[in-house]
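Chemist: As a plain string of letters, each chain reads:
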Amino acid sequence: MYVAVKGGEAAIGNAHQLLAEDRRGNPDVPELSVAQIREQLSGSVDRVMTEGSVYDPDLAALALKQSRGDQVEAIFLLRAYRTTLPRLAVSLPIDTGNMKVSRRISSCFKDMPGGQLLGPTFDYAHRLIDFALEAEGAAPQAEGKGALADHLPQVVDLLNAEGLIEREQPDADDAVVGDLTREPLSFPAGRDIRLQTLARADEGYLLALGYSTQRGYARSHPFVGEIRTGEVAVEIEIPELGFAVDIGDITVTECQMVNQFVGSKSEPPKFTRGYGLAFGYAERKAMAMSLVDRALRAEELGEDITAPAQDAEFVLYHADNVEASGFVQHLKLPHHVDFQAELTLVRTMRAEIAAAEARKAELAEAAQ
Amino acid sequence: MTTTITPATGFDDPVQQSQQAFRALLDAMARPGRVTTVETEAGHPEGLSPALAAALLTLADLDTPVWLGPGFDSEAVKTWLRFHSGAPLTAKAELAVFALLDAAQMPALESFSFGTDESPERGATLLIQVPGLTGANAMIWRGPGIKDGIAMPFCGLGQSVWRQRTALSIEFPRGVDLYLGCGRDLVALPRSTAISIEGA
Amino acid sequence: MNQAYETSATLAGYNFAFLDEQTKRMLRRAILKAVAIPGYQVPFGSREMPLPYGWGTGGMQVTAAVIGAKDVLKVIDQGADDTTNAVSIRHFFVRMTNVATTEKTREATLIQTRHRVPETPLSEGQILVYQVPIPEPLRWLEPRETETRKMHALSEYGVMHVKLYEDIAQHGHISTAYDYPVLVNGRYLMRCSPIPKFDTPKLHMNAALQLFGAGREKRIYAVPPYTEVKPLDFEDHPFEVERWPEDCALCGAQDSFLDEVILDDRGGRMFVCSDTDYCGERRAAGHTGRMSAPYKEEAAE
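Protein chains in written order, with my numbering: chain A, 1 to 368; chain B, 1 to 200; chain C, 1 to 301.
Everything labelled a hint here was simulated from the structure, so no lab data went into it. Treat each hint with caution, since some may be false.
[As the list claims (entries may be wrong)] Restraint ranges, calculated between C-beta atoms of paired labels, are given here: (1) B:R82 / A:H221: 31 to 37 Å; (2) B:G158 / A:R167: 56 to 62 Å; (3) C:A69 / A:R167: 54 to 60 Å; (4) A:P86 / C:D233: 48 to 54 Å.
Each residue gets a CB set at the ideal place from its N, CA and C atoms; glycine is no exception.
Generate coordinates for the entire structure from the input sequences, incorporating the hints supplied.
Modeler: This is the structure in structure tokens:
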């Protein structure tokens, strides 16, 4: 006698309880506070805000706590929360020229107006595990906090008297900027939509694609024109007031990549540009983004499309880790109906082949 | 000179009422030719059928330009629509996602977007107020949603409109989708329905 | 039923059916266009849902746009109401709408499904919502959306016929067991979500409205009631559905899609209805199969 398994509801309830217990870990170890995550795991918080498309360090920290540090899961939590938020206003474009920078570097020029500022970076740290951090100690105090002027124009623009570097042409003021979160992706995708997709894209995916362009798959001869990180003001225009109001500051990392370009049928030789922007301190993301942005401009610049990073449909359709993670993992769901259908088909086909071979053997025997 | 017009009311409970109205609209679109009653109580400007008013309250918003045809381009309708939906009013019929029309004053159907072969969903939805949904049967409608052919009256729309609509079938999947409204009742005529006019 | 899990009230702080009204309007407009152009995939601004993409977010968004307080909802996965994902989605809608739910196909006004069409014929007024992973029927033949859109615009479906014909030439069979391609109303090639081809004929001239939602791929499409849905086939190789060597071991049904259950490691197996409601209804009416116990209400816990 056979009784069908019917435990779905209880099993799900149990799974959630087990997960909660697992998340908390050993209860003898003090629980992490959201503030601790926000302050001390800011690299994760920044990534979750960027790919989750919500600038809210507390919420991102909470999502990380809830996902027990699983970043893609935390990004997903933030995205799903974002769905329920009303859209109250659309901000003016942020002005990164007016950034309060904490870091600003260029690899194209030895020095530059306004100066370079190394700021907080892993760049020259020897990656030796610091066992001193095992013990909790006094909070470190940095000396020599540099400061640069509040208004620092983009290096690339400043040093472009010769016009050898392409100038970014802003759209007309009344041009409609697409919104990836409200309209499905369609092709050809404009640079607005491409950059939005890349900003939300999985960092590892962008890193791999950007890397591939350095290894010859759509080589673009990149130089870091400028990377800057710091705080910028977000402003919204209130129609009743007739002027813009500052609603707060956000920290962003911006990368201006400059690429050598030998010219094409439609363009003379010059330096072209790729752009990257991410919330928080997210240099790897911003740099990879700028490489992929440049690669995706192939069509516009009249280059042959030969490499994965240049293929807009391929790059953009597979960039989102919430989509990708869901679809890859949906294979865990029961598929036994489809599997049964295939099973039946394979059996039928095998039976037919066997029958045909048996017939052949019979005929051969009869012929002898 | 400015005159202040107090807009007519809309839905009291937008969440539930728009859902109810949508189901009526969906049911009608899924069963062309079948008269569907929009039961939900919706405020509406005087002279506008409550069924079509409910359709606008349910479907129109900031993202959907609306074109108001002759007879409906009054301040009362404009104020009401802007107040409740925020829908931009367009002077260009070809840009309209929705058009509100009077059966007696119909512009040519080709004034409206039919969409493209690649994006036929961009074809407009026309909300047409008609004097009645009954009368002597004069056409047979066939197509998806209709089990066997259904006999239909002209519903107060001129023969020329029906001829234009009949001719549109060869454009499929491009086309326009119609709701004919009278009082609380409406009938849908999607582009997938093929029309044969008796005696034509 | 696990009462504690199933009866929590609508969650505070969320709109009815989770989505905000503007999103619902966008979805509703897309659904109406889908119904007006049967089989055509309408692009829509899919939102992140609190369940992962690939787990039914398209079906859930369609359901959320359609569902009302008076609806009676049934959710199935693989034909069964008690599979984990069906339980999870049903629970989501109960939390977000407080609607009544049922396992009985006949009682439901709205049915969300993954991979199956119920065995019990649907009636007028019912809506069947399919969860769709990949909506594009030509996707395995042409991965580019820009190309497949053109192919639909021009009704250029030769590649699919060629693919099916090559199957026949190579295997003597069309080797597509599920997700069988169909032509809707003589115009659009459509993917029936992955349902086994056993279910494909049920789409044809069905009395219910059938809606298809693909969340990750951001497409909605529809088959209105009483619409021609024709599987692609050839005169000398007509479309056929699969058959089983046995009847349902529990209810003896000969006309239902059967799941194969492995009983031991010596090749022992049995076949049971995938549609748990259908099987239960038959057993309640006194039908038995070779391995069934006498029917008892809620026998299976």
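Chemist: All the hints need checking, so say for each whether the structure fits it.
Modeler: Hint-by-hint comparison with the structure:
{"no.": "1", "hint": "B:R82 / A:H221: 31 to 37 Å", "verdict": "violated (54 Å)"}
{"no.": "2", "hint": "B:G158 / A:R167: 56 to 62 Å", "verdict": "holds (58 Å)"}
{"no.": "3", "hint": "C:A69 / A:R167: 54 to 60 Å", "verdict": "holds (57 Å)"}
{"no.": "4", "hint": "A:P86 / C:D233: 48 to 54 Å", "verdict": "holds (50 Å)"}
When held up to the earlier numbered hints, the structure conflicts with hint 1 and nothing else.
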